[in-house]
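A.B. asks: Sequence:
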Amino acid sequence: MYHHTTQVSLTLLYTHSHSVSAAHCVLQVGNRMKSLSFTISPSHENLGFGDLFVITSDVYGRAGIEPTSSTVLVCSVTTRPPFLCLSLCSLTKLNYNPPKDDGSTYKIELEGISVDIMKEILDYIFSGQIRLNEETIQDVVQAADLLLLTDLKTLCCEFLEGCIAAENCIGIRDFALHYCLHHVHYLASEYLETHFRDVSSTEEFLELTPQKLKEVLSMEKLNVGNERYVFEAVIRWISHDSESRKVHMKDVMSAVWVSGLDAAYLREQMMSEPLVREIVKECNNIPLTPPQQGEAMLASFKPRGYSECIVTVGGEERVSRKPTSVMRCMCPLYDPNRQLWIELAPMSIPRINHGVLSAEGFLFVLGGQDENKGTLSSGEKYDPDTNSWSSLPPMNEARHNFGVVEIDGILYILGGEDGERELISMESYDIYSRTWTKQPDLTMVRKIGCYAAMKKKIYAMGGGSYGKLFESVECYDPRTQQWTAICPLKERRFGAVACGVASELYVFGGVRSRDDSQASEMVTCKSEFYHDEFKRWIYLNDQNLCIPTSSSFVYGAVPIGASIYVIGDLDTGTNYDYVREFKRSTGTWQRTKPLFPSDLRRTGCAALRIANCKLFRLQLQQGLFRIRVPSP
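Residue numbers (full-length UniProt numbering): 1 to 632.
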């Protein structure tokens, strides 16, 4: 017969009470927390570190826990007020080493975690809430990393994302790299590239070591417009401590693209700035004569910065209807030379009905169908810095016509088909750990539905099943792993595309049957817009997008800056356009470029940041300038 006086193995770690004789504790069993109080006999009030005493079964009995083994309660006493907590798990007995016979102290030291930070973390463990601020965020991240508190680390990442500014982006970037906060590191790097001119005037920049400065100046995508701003940043850095930094002058200047410096500008600076004269004298590769002209000038030219490009990949040839592996990009800028389609490295295999998106500076292509209409589980990653592809671990399920979105470096794959059945499964891929994880299923089949991410949540919209089309919309929160229904679309549809921008969702295109007697005829649906604050859908003015017939087909919606570029076969009534720009600020459409690879259709689309120097070399090699430079 079982007796309730049986004892369990316990480890005392934390309590809010300063008296060991009357402790209020939290008992943890697996993922469950139980709060309870107990008393210790007066003879144990002066327990030392590692001393043992017994708690009877009524304590854990009140917590609804089945007692096992023997009860061992370990008291932690330091020079600070004691913090005690009860933790019960199957590993306690294995991990606990009792005091040695010689009386020596047994203890676990958590170096680098202060009492105040430990209290904040323990409060978070039991309440789910924590106060984060710029003064303590580094200490909390360090503690969360040491204690393997993944959820807390995620909260810290979100806080750091909101802190990134010109004054601290370099420090946050280095800190994030040290603690493997990959998404924060990416955002800080992107901010540094975009706002380099502001960053280079900050105290943090002026205090960089020579090695760190050289690393920053070597970044190809620094958005400066003119290399003179990089040169002037070096001047400011040296002048900040000229006595000790002049010895590093030549090494630091090796990271400046001197071929992009204007000779007239340098001569002018030499007249007024002695430090510039020293630099020119020390570095014998700085040009002081007018640049070469023609082919020689183009061959040596190397522009800084980046372009946000529209990328199309895969799809099928318009005439033969065979899947293709072709990849192209176009920069929707004012320079007419750069509104031509540039050929990029093709995928390893042709794909159609595949998933395409950009994340963390790379382009990802997943699943789809091959030339034999076989459904694929494989994937590839494109690196714009090397113009090359690498393979990804295969998905858990082969699929095509599925949704794919990204949140903080995690790709989410939703629904689709496997060639035999419609899927409701969802899985996620961690870009940095290269691992796939099964996620909760969708609540319903959404054949050729559309999907988007907005404010770190996933939205599934429209689609159909067994001849029925849906207007329903559901929201998935990765934190709670729960689906929630929200306001439905105004029109049911399938084959639409969607994108999320800030607190807004946009749905473009898609088709449905007519509501009148000609129900067998399909029409293009109107575009719709949803704002997270108003919680409802409204129509957009599609007058200048395409005519409302089934002859139009939308391939993708690509947000770039303050605009969204819609790509597809867009029937205007008199001809076909292939790219239309939607200006979010005015809600109006603009014809961007009629030119589209007319030999392709049903391509995958995304936006991708590509270094200008890479694009420039590709344009030269492909003869997109009047003077052609041969490939190296």
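None of these hints come from the bench; they were simulated from the model. These numbers come from a predicted model, not from an experiment. For glycine and all other residues, C-beta sits at the position ideal for the given N, C-alpha and C. Any given hint could turn out to be false.
Quick list of the computed label-pair ranges, beta carbon to beta carbon [what the hints assert, rightly or not]: (1) LYS583 <-> MET522: 25 to 31 Å; (2) GLN622 <-> ILE538: 49 to 55 Å; (3) SER300 <-> GLN482: 54 to 60 Å.
EDC-like, lysine to aspartate or glutamate: derived pairs with alpha carbons at most 16 Å apart [claimed, not checked]: (4) LYS456 <-> ASP477; (5) LYS322 <-> ASP599; (6) LYS457 <-> GLU158; (7) LYS302 <-> GLU220; (8) LYS447 <-> GLU474; (9) LYS614 <-> GLU371; (10) LYS583 <-> ASP542; (11) LYS614 <-> GLU308; (12) LYS322 <-> GLU278; (13) LYS373 <-> GLU308; (14) LYS246 <-> GLU220; (15) LYS457 <-> ASP477.
A.B. asks: Look at the Cβ atoms of SER300 and GLN482 and judge whether their distance stays inside 54 to 60 Å.
C.D. replies: Check passed, 58 Å falls within 54 to 60 Å.
A.B. asks: Next pair to validate is LYS456 with ASP477; report whether the Cα-Cα distance is within 16 Å.
C.D. replies: At roughly 8 Å apart (the allowed maximum being 16 Å), ASP477 and LYS456 satisfy the hint.
A.B. asks: Is the straight-line distance between the alpha-carbon of LYS457 and that of ASP477 16 Å or less?
C.D. replies: holds, 5 Å
A.B. asks: Does the structure keep LYS322 and GLU278 at a Cα separation of 16 Å or less?
C.D. replies: violated, 62 Å
A.B. asks: Okay, LYS583 versus MET522 on CB: inside 25 to 31 Å?
C.D. replies: This hint holds: roughly 29 Å between Cβ atoms.
A.B. asks: Next pair to validate is LYS614 with GLU308; report whether the Cα-Cα distance is within 16 Å.
C.D. replies: holds, 13 Å
A.B. asks: Sort out whether GLU158 lies within 16 Å of LYS457, counting only the CA atoms.
C.D. replies: holds, 14 Å
A.B. asks: So if I understand the rule, the pair passes when the alpha-carbon distance is 16 Å or less; does LYS614 with GLU371 pass?
C.D. replies: violated, 31 Å
A.B. asks: For the pair supplied as a hint, LYS322 and ASP599, is the alpha-carbon distance within the 16 Å limit?
C.D. replies: Holds. LYS322 to ASP599 sits at ~11 Å (cutoff 16 Å).
A.B. asks: Do the alpha carbons of LYS583 and ASP542 lie within 16 Å of each other, as the hint requires?
C.D. replies: holds, 12 Å
A.B. asks: Given the hinted pair LYS302 and GLU220, is their Cα-Cα distance within 16 Å?
C.D. replies: Holds. LYS302 to GLU220 sits at ~10 Å (cutoff 16 Å).
A.B. asks: Please verify whether LYS246 and GLU220 have alpha carbons no more than 16 Å apart.
C.D. replies: Violated: LYS246 and GLU220 sit about 25 Å apart, past 16 Å.
Violated hints, listed in ascending order, are 2, 9, 12, 13, 14; each of the other numbered hints is respected by the structure.
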